[in-house]
Amino acid sequence: MIYILCLIFFMVGLYGVLVKKNIIKIVLGLIIMEYAVNLFLIMLGYREGGVAPIISEGDSITEFIKHSVDPLPQALVLTSIVIGLGVIALMVAICIRLYEKYGTFDITEMRRLKG
Amino acid sequence: MRKLVMFIVSFITWMLLVFRGKAGTCCFNLQDVIAGLFAAMLTALIFGETFTKNPHKFFDLRRYLWFLVYLPMFLYWCLLANLDVVYRVFHPKMPINPGIVKVKTTLKSKSGITALCNSITLTPGTLCVDLTDDGYIYIHWINVESQNVEEASRMIIQKFEKILTRIFE
Amino acid sequence: MSADIIYQVFFGVLLACCSICMYRISSGPTVPDRTVAIDIMGVVMVGFCAILSIVTGKDYYINIAIAWALLSFIGTLALAKFLEGKGFDE
Amino acid sequence: MVGMTLIVKTVARWVKSFIFLYGIYITLYGHLTPGGGFAGGVIVACSFILLILAFGKEKALKRISKALASELDSIGALMFLIIALLGIFAGGTFFINFIQKNAPGQDFHLLSAGTIILSNIAIAVKVGSSLFMVFVILAVLRVVKKGDKLEMIQTNMRGEE
Amino acid sequence: MNMIPLFVAVPLAGAFIIPMLSRKFKWFPDVLGNLVTLALVIMSFAVIGKSGVYSMGAWKAPIGIVMVLDGLSVLLLVSINVIAFASTLYSIKYMEQYTSKLRYYSLFLLMLAGMNGVVLSGDMFNLFVFLEIASVASYALVGFGCEHEELEASFKYLVLGTVASTFILLGIGMTYGSIGSLNMAQISEQISQNGMNNALLFAIALFIMGFGLKAALVPFHAWLPDAHPSAPAPISSMLSGVLIKALGIYTLVRFLFNVVGVDERLLMILMVLGALSMVIGVMLAFGQWDFKRLLAYHSISQVGYIILGIGLGTPLGILGGLFHLINHSAFKSLLFLNAGAVEYSTGTRDLQELGGIREKMPVTANTSLVASMSIAGIPPFNGFWSKLIIIIACVQAGRPVFAALAVFASILTLASFLKVQKYVFFEKLKEKWNDLREVPALMSLPMVLLALLCIVMGVLLLPIGNTGVLENINILEPAVKVIMDGTDYASKILGM
Amino acid sequence: MNLIIYSISLSIIAGIMCLFIPKRTRGVAETLGVIVSLVTFIMTIMMFGREFVSKWFLIDNLSRFVVMGIGMFGFLIVLYSLKYMQGRDRINEYYAYLLITIGASIGAVLSNHLILLLVFWGVLGLTLYMLVGIGGSDASSTAKKTFIIIGGSDVIMILGVAVTWVLGKTFIMSGIEVSVNSGMSMLAFICLAVAAFAKAGAMPLHSWIPDCAEKAPVSVTAFLPASLDKLVGIYFLGRISMKMFVLNKAMGQMLLIIGAITIVAAVMMALIQHDFKRLLGYHAVSQVGYMVLGIGTCSPIGIAGGLFHMLNNTIYKCCLFLGSGAVEKRTKTSDLDKLGGLARFMPVTFVTFVIAALSISGVPPFNGFVSKWMIYQGIVDLGRKGDKLWLVWMVAAMFGSALTLASFMKLIHAVFLGQREGGEKVKEVSSLMWIPMVVLAGLCMIFGVLAFTVPLEKFILPAVPGVSFTGLFSPSLVTLMIILGVILGLIIYMLSNFKNIREDSLPYIGGEELPVETRVTGVDFYRSIKDSKILGGIYRAADKKSFDIYDVAKRVLNYFIGMLKYLHSGLLSNYVIWVVAGILVLLIVLMKGSI
Amino acid sequence: MNEIIGLIFIAVGVFFDLAGCIGLARLPDIYNRLQAATKSVTLGTCLILAGCAVFKGILSPMGIKALICGVFILLTSPTAAHALARGAHLFGVKLWDKSVCDMYEQDKKNF
Ligand code: NA
Ligand code: NA
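Protein sequence lines correspond, in order, to chains A, B, C, D, E, F and G. In terms of this note's numbering, the first sequence opens at residue 1 and continues consecutively. In terms of this note's numbering, the second sequence opens at residue 1 and continues consecutively. In terms of this note's numbering, the third sequence opens at residue 1 and continues consecutively. In terms of this note's numbering, the fourth sequence opens at residue 1 and continues consecutively. In terms of this note's numbering, the fifth sequence opens at residue 1 and continues consecutively. In terms of this note's numbering, the sixth sequence opens at residue 1 and continues consecutively. In terms of this note's numbering, the seventh sequence opens at residue 1 and continues consecutively.
Excised from the complex, chain A in its bound form (with noise of 0.2 Å):
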């Protein structure tokens, strides 16, 4: 149930980047995209369980290992995030830049590259 609710927010953000030629809405299509991705991934740690992957006190180290689940996930849901932020940054900061350069928002208008 919840995946399939990600899967369309995930669909609703790449719709967004398909067809919007806005490019301030292809942002917003990815940031959906991201949000979808990252909420996807926290319910899978949500439903993984197992023994916190994040070193407790009162665990020694190879009782740790053996009942732990592989630590990344966690890790890697914190990373998607901040990748997602510092991506946005970027990509917000160049929209600021194309609509100094070719004022306007249309992404049809900015076709140089072509062919």
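Some hints could be false.
To be verified - Rough simulated footprint, nothing fancy, chain E against chain F, three-plus residues with beta-carbon under 8 Å: (1) 152–161; (2) 196–203; (3) 374–388; (4) 584–590.
Since the hints were derived computationally from the structure, they do not count as laboratory data. Remember, predicted model here, so these are calculated numbers, not experimental data. Glycine included, C-beta positions come from ideal geometry on N, C-alpha and C.
Take the given structure of chain A and dock chains B, C, D, E, F and G with the ligands to it, following the hints.
Then chains B, C, D, E, F and G with the ligands, alone, in the frame of chain A:
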């Protein structure tokens, strides 16, 4: 001095972040504290100069007192605002009467104005849109009761101004 | 058991919130409208992560929540900056 | 008015140090994976990006340049070199987990993961500064045609070049 | 294998120190940048023939982070770092057009670290992180000039790259969801034990698309012809020469062959994608008049060759593909450097504006001739050998149609490079180029080096054995073996 | 073995050395060229008596006379170039490529390993490209076109080699014996044959030869397209059809069709050319048709005829080109409209040219006659075996021969007889240039008169086992055919003359003895042919290059490329749509079996 | 006990979130939506975070982090709303046509 303020704030934040609970045994690990010192130092070095304009105010304890007074008020208004929202949103007719009005504030300090604006935004029916250098604030009011600057000021911001003046100036 | 159901309800409602935001994002009508919806959705997600951290008992969901709050704030500011239609030096 | 409104500026002033600190926190406590360093670095960079957004390029860069140029980079580089050298002396190799080996200490504390934490720091600093650099290049650099050659007019992140 | 992390650490360290000291010494970025890449070249030559696993933090796989060095990584490392060295050498003079050398080198080394990291990581998560590092650096480097076209290209690249990254991330999530691990060896083990499921198949599709986009396979290629020409020449040469391989081909091959384990269907997908890229890329290239854009389209086409060869799944095909991979690194980088040299001297890269500059710029002209003949598959240059092997492998594997497509693409490649030679270097010298000068020696040097590489590599790696079963020296062979061993990869890593 | 390696590596190394000779230095390259080519020539002669088989190289009765031919032509061309190339730019490069070409062709002919062959073959293409490019800035288009066709066919050859390897399980040519009966084997043969055709210049891969002939330095044309490439190409065709593959009927028919079309179409094109060298170029193509035809008959005598024709063709065609070069050197033009009456001033050139022209037209007693005669025998032989179409091939060959004769009469008329615009005196070329021509013309005569005792006995018959000149065929019929051809040619020549005079109201110059000589130029001469209804359309199409595979391919490609470029519209959303469509297709393909 | 209080907090917070989002959907123009959504969602999420803190004990590591997060949101959310409102106005989004007045529009030209 400014850096010291920054340092203290950062260090406290750090300590809160790495707080390990379990009171009694060891709330803070020595390594954490050392790391915190370093981190706070770094932060102070980089951002210290710009964190606050008047560091001496930072040590003025009366402000915190006033802040403690302000907080419940603010929370109360906040709650009220939400109930207001709930009322307007769930009401089938959506009783709104919006518009952007202009008010004038007497606050001078930047922090004060900021706090004011954010308070305005979070309290019933109002949203801060823009502000000018000479102390005018444009407010989107969901239920405009007056378009007169003075009157609107009285209705919207007066309740905050007094106490914010005490906190920030 | 009942607690589980409560959590399920919470998640359901929050996801409904997200869906509403998504509706606003897709229907617009203006770019700022969509931006607002994304901002709001981010904040809702923060709450979502917070509840998750209770359910799963894992601290790091709160870390994620904080990160998401950051993301939401900076992303929104960047978009707002774009909406203003000014460059970085004016 | 350069940058965004007073409100944004003030709030940015307040939260930037928090974001920065949080980045450091993520870096130091993201045990086990270099992603800790990566994520932390991006967050650190975001605190600077926030400044640019809020204050505009000129002011932000001026602010950052003083501190960043001298302290941050040197500290990062120095730390990196120290790690490498220590690694060589301690075990004849780079990046071995010599701290853990020599001083196992208590598990699950900050230093329990040995040099990982240090490499995390290094990665964080690097990724942070690079992402910021990327942002600066894409956001604020200007290229002006001057005669045949291109010339970049810019306020450098360190104010000079 | 304590050297393994150095491949990431050294460029990172270099990138630290560059901004630190370059304020005092103008020459510092140049010198350090080149020293770092030179060191990396030496290091990558030192690990030829070696393999090993490095566990970060002394914890073994699958819990700790592992970096894995094997034949395939070595091959990639060598080509990445050699090209990086040539590019930095070239940058010394070339980048004087841009004033921000410090940033340039810093980003360059960051990208390099990202690529080396991708090639060495043993788990999907770190692979993704390094991939993002390299990608983000390349976004900025593409937009480095900050002109209309550069920003436009950068934006399109950024959007498509982000879409790809998101897909990859989704794929990683799904893989994790159904396997419960992100360590490549462990994923592989799990798959071989429990078989596939739909979620995994979905993830595979996502990965093929995501990595395929990084590799610029048709139909995921559209960003490349915009992005690669827009970057400064040494960066173009890095992007086309190695980035698409490290981020795209390597990841794709590693994932499909060593992690998932290929079957007939996956191989067919690879072959079809390869053939499509090969043909469509070259056709588009043929119609170009912008020097660098033409080259960029050829990158798509040549990547198609590589993927086609590897997708055959036979030892010979894989050998051909990998051989073509390193060959392509050499000649495509060289061609981009040539294009950069032409642009440096003339200020244009429009083929129709140029002409006859052969007599004025002999070094550029001759090295570009070598590279052109290489890419066109003319003996005795290196490209000939790999194309030969790929075509033979296609026929051997019973795929004459793909062989015929490869032939077709090869003819068009030849045609379009003859076009380049004609319009740029032969023909009549135009009036306006009468005062043209050859580029400075520091720019010629890497070109000559790479040209020598193009000539020598064909002979050095020359693989003619007894009855055509091709034997090889120890850079290609171990790489082929790694791929052929398929999912045995897992047991090796976990066993070590 | 050593001899082989020396002969190949000597010239290649010398060539590479030439590349590094400083630009200003004069004479070094020339000296090196003469010495090396002479030594190589001697080595090829030394190879003549040997048999040798190894993994890499092979000397057998088929390859050794070809190699000797290469050595000889190489030496002659170097000699000729000494004067001809004097004063041009990039001389060092020229000799470098010339020497490399010699080495590579020897290598190509002697290799026994298909991959080695590929390498030498490819190098030949590359040097040809560079050599044509030396012709100056306006030769760059020709160089490009040439190399696209040659290099492209080389790639096709790779495919052929691959398929052959898979079928024959080895790369070693002497160990391959594949019978052409399946689709794959046909593919292999066709791919290899394409390479041979492109090198030799059979239709439809011929179109680079006339262009080359026109634009490249004559010594280059005489050397490569006219002789070495023919030798190597037809040698290879011979090797694959005789030794490596056992041809089936369809393949033989294919060769016959290509041969016939090449003969007729090329000679028709030759008829209408304005340019001396271009005209010769078309003849160079046309003659290839005979060779292909001969090999296509699949009968020993036909194949032997084809190979002999190859040898003869190289001789007389080389001679003709050298003659044209001599003319050009003196008159500075190769436009037939501007040439005429040179017989008086350049007697040696004239005589050698006439001998070669008669030879190419198959007039006895010159060598062309003998080889054509043998090819005709092969065709008759084909008829005996029950090929119903033998008459078609025969008519084509005959008609081609006739037209060749007619065309050369016109050419000789236009260049050496007739009258020249301006008409100032010119000198005969220097001895270094005419000696090769004389040698070649001499060979034409020797190979014609002493055909059976010298060339056939020594070179050809050992290579083609099973040729017997008795019992199988009717020499009288064949001789009749050839004479018929000659007469036909003369008739055509006369006819067009009459027509020409009748239709064109040319100014009659009183007092001249021969009215025919009144400014009759190549163009006007055969205008009647060009103007005729059926042929006219074809010629017009040919003028538009509709038959040039290069241009046709270019047009078709440009159409598709235009479409593709249109798709790459610069619209980001389009690109994203492709991505999404791609992933959907991937999903469908991947999930198909599993859901 | 803590847990029940925490859950109540969370429940209220979720309810406010929902209200804010419905406001986002129902209200007629961007400024109104921004008002409703910002107020409700900010407080709602803060309440959720506070609820979490209470649930786990305010002095637990998670509780403290939740509070920090809450403070952060309290600071940033209205700021973001302000920036967006201003951005939208400068972007040219008009007020709802039944709006009473727009003093900002009048004054904007003077800046
Ligand atoms: Na981590
Ligand atoms: Na991303």
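Practice prompt. Hints the structure violates: just list their numbers, smallest first.
Written response: Failing hints, ascending: 2 and 3.
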